[in-house]
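Student: What follows is the residue order along each chain.
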Amino acid sequence: MRGRPVKVRLSINGRLREADVEPRKSLLDTLREDFLLVGSHAGCEHGVCGACTVLIDGEPSRACLMFAVQADGYEITTIEGLAPAPGELSIVQDAFCETHGLQCGYCTPGMILTAHALLTHNDSPTRDDIVEAISGNICRCTGYGQIVEAVEFAADRLRKTNAPRHPEVAIADEPVRLAKSKAPRQGVLEAVQTDAPRGGRS
Amino acid sequence: MNPTIPLKFVSSNRRVREDRRFVAGQGRYVADIALEGLLHVAVVPSQYPAARIVSINSIEAMKMPGVHYALTGEELAKAVDPLMNGLETPNVRRYPLAVGQVRYVGEWVVAVVAETRAQAEDAAEKVRVEYEPLPYVIDAEEALDPSSPPVHPPHGSNLLLDKTFVWGEVDKHFAESPRHLSFRVVWGRSSTVPIETFGVAAKWDPWREMLDVWASIQMPKYSDQIARSLRIPLNNVRVHQDVDVGGSYGVKRGIKQTVIVAHLARVLGRPVRLIEDRLDNMRAGDAHGPDRIFDVEVAFNDDGIVKSMKMRALDNVGAYAGRSPFQLGKPIGAIVGPYKIQSVQYRAIAVTSNKAAQEAVRGFGQAPTNYAIETAIDKVAAAVGLDRIEIRRRNFIRSDEFPYLIPSGTHYDSGDYHAVVAKVLAHADYEALKLERDALRAAGLCAGIGIAACLEPSGGNSSFEPLLNERNTTTTWMDSCRINVDGLGFVTATIHTTSAGQGHETLAATVIGEVLEIDPDLIRIVRPDTLSSLPSNSPVGSRMAIMLGGAAFHAAQKLKAKMMRLAAHQFGCAEKDVRYENGTISHQASNRKLAWTEHVNIAHRNFHLLPEGMEPGLEVTHVMQVPTGNKLPENGRVQMYPCHSFEFHLVLVAFDPQIGKPQIRRYVIGHDCGTVINPHIVKGMTLGGIAHGIGAALLEEFVYDAEGQMLTQSFMDYLLPSSHEVPHVEIVHHCTPSPFTVFGQKGSGESGYLGSPAAISGAINDAVASLGISFSKLPIRIAAISDAIAAVKAPEVKVRT
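Residue numbers (my numbering), protein chains in the order written: chain A, 1 to 202; chain B, 1 to 801.
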């Protein structure tokens with residue numbers, strides 16, 4: 001039932017945020033509507049599909065089954081909280097790109113947060129561990145194959161991040177990857193600079 | 001493309017550019033579109049499968065907080081035209097909200113608008129609708145009976161389509177063949193059920209007279225249908241195609257939802273959105289798939305050679321027609337599968353019933369048809385005592401017989417079915433697989449091997465429309481691309497449709513990069529709104545590699561040709577004497593070169609240096625016609641799709657006979673879709689398609705009870721395969737290029753799904769064959785298996801007790 005809005009103070013991605021919400025409002029709707037964190041998605045809104053998965057104190061949880069008022073006092077992590085900096089990707093996020101562990105992207109935030117939580121606990125998961133961990137997140141596009149590969153790949157990279165980085169095990173971030181491309185770059189598609197002051201060729 | 005030049009980007013394992021935004025949670029789905037003053041819709045569903053609407057009372061609802069409007073079907077029908085029907089069935093009228101009568105449980109009766117979705121839902125509960133229940137019909141066979149209650153009384157019956165095609169000398173072939181068999185199989189009603197439901201937001205600007213629409217849509221001619229229904233000019237409708245679609249696989253076709261919010265936006269002067277909740281979607285999202293009974297008869301000889309086939313397909317399309325009856329038409333383009341069946345009689349029947357409306361689902365009817373064909377081949381193998389792979393080999397079209405004309409008028413482009421099967425058997429070690437099956441049986445389990453060989457017609461034109469509806473004269477189903485090189489030399493290309501995860505931006509960039517020999521990552525791909533778009537028909541029918549890939553290729557070739565002409569003019573030589581390499585054009589004889597930046601400067605700034613008649617700038621467009629699709633049907637025959645991918649499934653399934661829960665222990669698929677443009681994307685499509693097929697074969701069904709109530713409305717009852725149900729799948733690749741496409745590519749968007757239900761059904765039937773039982777209806781749910789086994793073992797149990 002409806003009720004008078006109450007104030008909630010939520011710690012989301014390391015920031016303390018406040019909002020006035022109806023007691024009946026789900027954490028998912030609150031994240032999306034009150035804080036504009038729309039990376040968490042509504043799929044079934046009855047706790048089966050996992051598209052709304054967020055981390056509550058590091059554990060995957062259904063944001064559609066939790067009221068915002070219940071989340072007060074916990075550390076909430078959404079997909080927006082995973083990337084280390086704007087334009088960058090976490091190792092898990094990058095691994096999903098490497099194996100194409102997604103298609104439409106709708107289940108992906110929940111899937112990545114679930115994988116992130118698994119790898120936080122277990123840096124050497126078996127295939128069965130991975131299958132079990134993601135079994136609460138439904139993906140209709142991929143058939144899970146490339147998702148499992150992504151988690152395996154991320155686990156491998158995470159294990160290696162503490163070792164000194166060699167070029168061959170470095171995280172394949174954009175500059176490294178582009179440098180490897182065989183495509184010509186010099187002179188092709190560099191901004192035409194010669195003409196700017198004079199409106200013509202030099 | 002000169003085949004001697006090695007491909008730089010096409011077929012290489014490049015990342016999919018769209019993935020970056022999605023892994024960061026930065027997709028832009030329809031529910032993420034923030035519009036100032038947005039209002040929200042909740043719908044009031046019917047509780048009856050058929051009833052007259054006696055009265056609607058919204059007085060209490062309108063008093064609820066935040067409520068703006070309660071729209072009834074009666075009011076809406078006065079303002080809009082009925083939604084499109086594919087067949088000429090003018091009395092099967094379809095409006096977005098029920099008018100005068102409800103026709104299925106869950107049908108939308110009233111749309112309530114409020115400041116928030118929660119307020120709209122609260123108010124929807126207060127709407128009082130008085131109904132007078134009417135007779136109804138759920139079962140397709142009953143609906144076919146002329147005495148059944150017609151879902152649309154003005155139409156007079158429940159029959160929408162009953163068309164019989166005879167291709168070749170069916171009677172003669174049946175008479176000549178020493179052996180016949182017949183059977184019935186049933187494809188239960190399921191769908192692809194994307195995790196994102198359908199959603200749409202609309203805004204009307206009365207000063208500009210512009211309707212802006214953002215939708216989770218995958219539908220050809222979407223804006224045409226909006227304009228027609230609302231009776232406004234098409235250039236007053238602007239659909240924003242830069243909305244990410246959270247999965248579709250055919251079903252995101254929310255035209256009724258769109259007409260509701262568009263009308264409301266005009267009436268209320270505020271933007272309005274409708275995002276289906278899961279119940280709205282499952283019950284009434286117009287997103288159910290085929291619901292089909294096949295009666296098949298085949299004529300063959302003692303060697304297992306199948307000469308002729310008679311197929312009757314009866315589809316229960318639900319309460320409204322739309323385009324769904326056409327799903328009986330597309331399979332005509334591959335009606336003999338990969339086999340040399342010489343003649344076919346095909347009777348396609350579509351009936352209305354008091355179930356939810358059906359829409360296009362991945363494969364557009366091909367997966368059910370393949371299930372029927374593959375069941376026939378398995379049964380013939382059993383009848384003549386042949387191995388199920390050997391019988392397929394004997395009936396397959398041989399690689400030297402392409403292009404191969406099938407009886408229904410389509411030429412298959414290319415293939416090497418025997419080679420794919422040989423590769424799969426070698427990879428899987430078929431003999432060892434059989435030993436493994438036998439060992440499982442010896443250990444007390446039911447174990448079986450399933451096999452399916454089938455085609456994926458691809459390239460999606462719409463020839464089934466004129467084939468099933470003579471007044472329809474469609475012979476083009478084009479797609480387009482525009483490329484612009486800007487004044488600083490950067491490349492931007494356009495695609496003219498939404499995408500639902502198929503990687504079209506990657507596709508277009510890869511192809512353009514290949515032709516222009518520039519890094520695809522440097523090419524920007526944008527999606528203009530529909531008013532700025534070239535003609536396009538959206539990603540249906542496994543067509544985008546062929547059609548968008550083709551359009552991008554030809555546009556890039558035009559661009560390259562323009563640059564070469566421009567360069568030749570500078571060099572004072574003939575165009576044929578210049579050479580394009582990595583964006584630089586050279587003239588060997590004079591040892592002159594023109595770099596990319598120099599073309600750009602000339603084209604953008606030096607009109608005086610352009611050849612006569614050349615337009616300034618570097619901008620090209622290409623509107624591509626479907627290869628081979630250029631004729632209307634003649635005598636019930638037509639070239640359906642241009643390309644035909646092939647897939648061969650080999651599956652080992654085992655289960656405990658008392659529990660009956662199938663475990664897929666091995667899944668190998670051989671896949672030949674010609675030249676692969678992006679291997680990651682094709683792999684994902686195939687694996688995802690197999691997962692859908694596992695769902696359709698074992699788990700997923702929209703079940704209606706005898707009272708017309710839908711029993712599987714949530715994900716608690718309508719079961720989707722999780723990572724536990726989908727096994728590790730091994731893909732064996734083969735490449736037979738298509739002669740009809742620019743790189744030899746074929747389609748892959750429906751791959752996996754088209755054969756996996758047949759393969760899994762075959763495996764389960766192999767597992768229970770020794771018990772003397774078989775399953776002829778999908779899905780084969782756990783309970784069905786354990787019940788059937790218990791029934792045959794019951795006497796044994798009695799003896800023991």
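If you are wondering where the hints come from, they were derived from the structure by calculation, not from laboratory data.
A couple of the hints might just be wrong.
Pairs of lysine-lysine residues, derived as DSBU-like cross-links and limited to a Cα-Cα distance of at most 30 Å, are as follows [stated by the list, open to error]:
hint: 1; chain 1: B; residue 1: 63; chain 2: A; residue 2: 7
hint: 2; chain 1: A; residue 1: 7; chain 2: B; residue 2: 631
hint: 3; chain 1: B; residue 1: 631; chain 2: B; residue 2: 221
hint: 4; chain 1: B; residue 1: 661; chain 2: B; residue 2: 434
hint: 5; chain 1: B; residue 1: 560; chain 2: B; residue 2: 593
hint: 6; chain 1: B; residue 1: 423; chain 2: B; residue 2: 8
Student: Against each hint, give a clear statement of whether it holds in the structure.
Tutor: Tested hints:
no.: 1; hint: B:63 x A:7; in the structure: holds, 27 Å
no.: 2; hint: A:7 x B:631; in the structure: violated, 66 Å
no.: 3; hint: B:631 x B:221; in the structure: holds, 21 Å
no.: 4; hint: B:661 x B:434; in the structure: holds, 20 Å
no.: 5; hint: B:560 x B:593; in the structure: holds, 15 Å
no.: 6; hint: B:423 x B:8; in the structure: holds, 27 Å
Hint 2 from the list above is the single one not met by this structure.
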